[in-house]
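*Asks:* Protein chains in written order, with the working numbering: chain V, 1 to 679; chain Z, 1 to 82.
It should be emphasised that the hints constitute simulated quantities derived from the structure, not laboratory data. Treat the hints with care, as some may be off.
If you want a taste of the chain Z side facing chain V, the calculated C-beta under 7 Å gives, among others [as the list claims (entries may be wrong)]:
{"id": "1", "residue": "30"}
{"id": "2", "residue": "43"}
{"id": "3", "residue": "47"}
{"id": "4", "residue": "52"}
{"id": "5", "residue": "63"}
{"id": "6", "residue": "65"}
{"id": "7", "residue": "67"}
The calculated lysine to aspartate or glutamate pairs, modelled on DMTMM-like cross-linking and capped at a C-alpha distance of 25 Å, are [what the hints assert, rightly or not]:
{"id": "8", "chain 1": "Z", "residue 1": "10", "chain 2": "V", "residue 2": "669"}
{"id": "9", "chain 1": "V", "residue 1": "264", "chain 2": "V", "residue 2": "275"}
{"id": "10", "chain 1": "Z", "residue 1": "75", "chain 2": "V", "residue 2": "398"}
The C-beta atom is built at its ideal place from N, Cα and C for all residues, glycine as well.
So the chains spell out like this:
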Amino acid sequence: MPGGLTRLQRYYLLYTGGFIAFVAALALLEEHGMPPRWIGYSFLIFTISMYAVIGIMSRTSDVSEFYVAGRRVPAFFNGMATGADWMSAASFIGLAGTLFLSGYQGLAFVLGWTGGFVLVALLLAPYLRRFGEYTIPDFLGARYGGNAIRLVAVAAAILASFVYVVAQIYGVGVITSRFVSLQFEIGVFVGLAGILVCSFLGGMRAVTWTQVAQYVILIIAYITPVAILSWSVTGNPVPQIVYGKVLQQVGQLENKLFDSPAEKDVRRLYQERADEYAQKIMQLPNSLILEREQLTSRINELKASDAQMKDIVALERQRRDLPHDPDQARLRWEAAMFASAERAAPPVHHASAFPADEANGGWAQRLNFLALVFCLTVGTAALPHVLMRYYTTPSVREARESVFWSLLFILLLYITAPAYAVFVKYEVFTHLVDIPIAKLPGWVAAWSKVGLVSIEDINRDGILQLAELSLNPDVIVLATPEIAGMPYVVSGLVAAGGLAAALSTADGLLLTITSALSHDVYYRIFRPDSSTQFRLVISKSMLLVVAVLAATVAAQKPGTILSMVAWAFSIAASAFFPALVLGIFWRRATRAGALAGMLVGLLITVYYIFRVEFDTITWLGVSNLRMDPWFYLQSTSAGVLGVAAGFLTILVVSLFTGQSDKDAMAFLDRIRHSRHREQ
Amino acid sequence: MMDTNLYWRKTRSLTLVLLYVWVVITFGFALFARDLNDFSLFGFPLGFYMAAQGTLVIYLFLIWIYNRRMRQLEKRFGIDDE
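Kindly generate the complete structure, drawing on both the sequences and the hints.
*Replies:* Take a look at the structure:
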C-alpha cells in the first residue's frame, strides 16, 4: 500500500467518490426497472470484491506487517479503522432500535461506548504504543513478568472475543439472507469469505486498510436514510441538529396517544390476559388438563354439528400445539404472561429519565443505568481488539492523536443513532398508529412474515393501537428505507453498511484471537526460537481454523450466544482494566497482585452472570442456581463488581507481596518517561 | 532523572484532572437527568440532550485538551518518540 499521507488520502477520496457514483448508478438503473434482487447482489459483490482487492494489494509475509501493519498507519486513518473495528453489527443495526424502544434509558449504550475512548486516551493508548510490542498479553507479560499472567490474559482475550466474532458472522448471515435472499447458512459462509479475503493474506496491514474502506461505506449507509427522513419531515437534511423539534412533536403525540380511551382499553385487555396466564400457571397441572378437555369437547361439538372442516382442523392444531407437560406449560405461559404484562404497562415518554424510579420512588433504574454506563465504558477501554489498534501508529504522539480521530469518527454514528430513533418514532406515530389495520403500509406485512413485526387487534376495533404493535429492535434500521418509502437502492445501501460494520469488527476480533494463540501462546511460551517464517505460517493457519470454527458456530443460530455479547464488556473490563491501569500508574503493583486481581475479577463477573441468568446447567448437572440480583444489578452490569474486586485484590495482594522487581521498574521508566532527545 | 520525573508528575496530574472531569460529567449528568429534563436546550430536554450529544462532545474536547497539553509538555522536556 502507499506510504505517503497525501497519496493515501487521494486514494480514499477517489474510492469514496467511486462508491457514491456506484450508488447513484444503481439508483438510476432502479428507475429504469432493475429488480431489487439484482440491486442486492450488486451491493454484495461490489463491496466484497473491493475488500478483496485491498486485501490482496496489502498481502505481506512480514511479521510486523502481519501483527501491527508495520506501525505505519497515520493517526487519521487509524482513527477511521478503529471506528470500523469498534462499531459492530450491534451498533449499526441494534442501537437505534434499542433507543427507539427504551428512549432515554438506551442512551447508556451511547454514553458507555463513547466515554470509554477517553479512558483509552488518558490511561492506555500512549503507554501501549510506547511499549511497542504486538499484543495486550505481551504488555502484561512484560510489566509483571512470567507466563502465568500471559496465559490468563490470553484466556480472557479469547473468552471476550470469540463470542463477539460469532455474533458478527451471525449478523452477516442475517443481513445477506434478508436483502439478497441467500439461505442463512450460505450467508454465513459468504461472511467467512469476506473476512478471510482481508485478513488471511495481509493480517493487520490488510485489515487496517479494509477497515478504512468499510468505515466509509458504513457511515454513508447509516446517515443517508436518516438524512432523507429528516429532509422529508423538517426540510433540513441534518438530523442531528433538528431532531429536538421532532422530539417535542413526538412528546405531544405521546401525550395525545398514551391516554386515549382505545389505548387504555387495549392495555386493560393485555393486563387481563396476563392475569389469566398467571392464574393458569398457579393451577398447574390441572389447568393444562382442563384446557385440553375443553378443546376436545369443542372439537366433538363441532364434529357433531356439521361445521366447516377448516374450523375443526384449526382447533385440532390448537390442541396439538398445547404444551406437552406441566414444565413446558410453565415456561411457555410465563413467557406469554411477561409479554402481555409488558404490553399492558403504561408507555414511557421518549425523553423521560428513570420513569420506574419516579413511579416507586426507588433508585434501582438509575443505579442500573449508571452501572451499565460504567461497564460499557471500562469494557470499551479493555477490549483487546480495540487496544491493539494503537500499536499500529508510527509514534506515541500519533497514537494519542488517533484516539481523538477514533472518537470523532465513532461520534458521527452515535450522535446520529438517537436522531434515527426519534425520526422513526415520529413516522410510526403519524403513519401507523390509529390507522385501520386493513390500510397499513406494505412493509408491516413484509416484516411480519420474518417475525420482526407483530400486530394483534386485541380489542377488535379494526384500528391499530400503539400497544397492539410490537417491533423487534433490529427492524428499525433495516426497515427505515421502506418505512419512509425510499427506493430499494437505499435498502441495499443499508445492507452494505451493516455488512461492512459486521465484517470490519469480525476482522479485528479474529486477528486478536489469532495473535493471542500464535504469538502469545505458541511463540512466546512454547517456541521462542521459531523462525519468523514459521511463525507466520502458524498465524495464518490459526486464523483459518478460528474463522471456520466461528462460522460453524454461527451457522447453528445459537440464540444464547447473541445475548452473551453484552457480557463480553464486563468480562474484558474485569480481566484487563485493573491490571493494565495499575500496571502503568502504580509502581508497587506486583505479579502476584495482578494475577490474583485478574482471576478474582474474572471469576466474580462470570459467577454473578451465571447465578443471575441461569437456573440449571445441564452439562454440569447443576440446578437451582438462580439467585436474586445484588442491589437490583442486572447481569449485563456484572463488570461493576468484577472491576471493583479486581482493583481491590491487586491493591491488597501487592501490598502484601512487597516490592516489584528491577525489570518491572525498568519497564515503567521506559513507558512513562520515554526516551530523551540527544542534545 | 530530575526533569523526566517532573515530566511524569505533570503527565500524571494532567491525567488525574481530566479523569476527574470525565467522572463528574459522565455520572453527574446521568444521575440528575430527571431534574435536568425540566430545562431545555436547542429544543431538547436538557438531561436527554446531555446523554445524546452534550457529553459526547465534551469527551472529544477532553481528548483534544490532553493531546494539546501533552504536545506542549513533550516540547518543554525535549521528549521525542520516534
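*Asks:* Against each hint, give a clear statement of whether it holds in the structure.
*Replies:* Verification of the hints:
A distance limit of 7 Å between C-beta atoms decides the matter here; for residue 30 of chain Z the minimum to chain V is near 6 Å, and the interface restraint holds. Of the supplied interface hints, the one on residue 43 of chain Z holds, with its beta-carbon coming within about 3 Å of a beta-carbon of chain V, less than 7 Å. Hint status for residue 47 of chain Z relative to chain V: holds, with the closest Cβ pair at about 5 Å, below 7 Å. The criterion of a C-beta within 7 Å of any C-beta in chain V is met by residue 52 of chain Z, whose closest approach is roughly 4 Å, and the hint holds.
Interface restraint check for residue 63 of chain Z: the shortest CB-CB distance to chain V comes to about 5 Å, inside 7 Å, so the restraint holds. Violation of the interface hint for residue 65 of chain Z is found here, the shortest Cβ-Cβ separation to chain V being roughly 10 Å, above the 7 Å cut-off. Of the supplied interface hints, the one on residue 67 of chain Z holds, with its beta-carbon coming within about 5 Å of a beta-carbon of chain V, less than 7 Å. The suggested pairing of residue 10 of chain Z with residue 669 of chain V holds, with an alpha-carbon distance near 15 Å, which does not exceed 25 Å.
A distance of roughly 16 Å separates the Cα atoms of residue 264 of chain V and residue 275 of chain V; the hinted pair therefore holds under the 25 Å criterion. Under the criterion of a C-alpha separation no larger than 25 Å, the hint pairing residue 75 of chain Z with residue 398 of chain V is consistent with the structure, at around 15 Å.
Of the hints listed earlier, the one the structure fails to meet is number 6.
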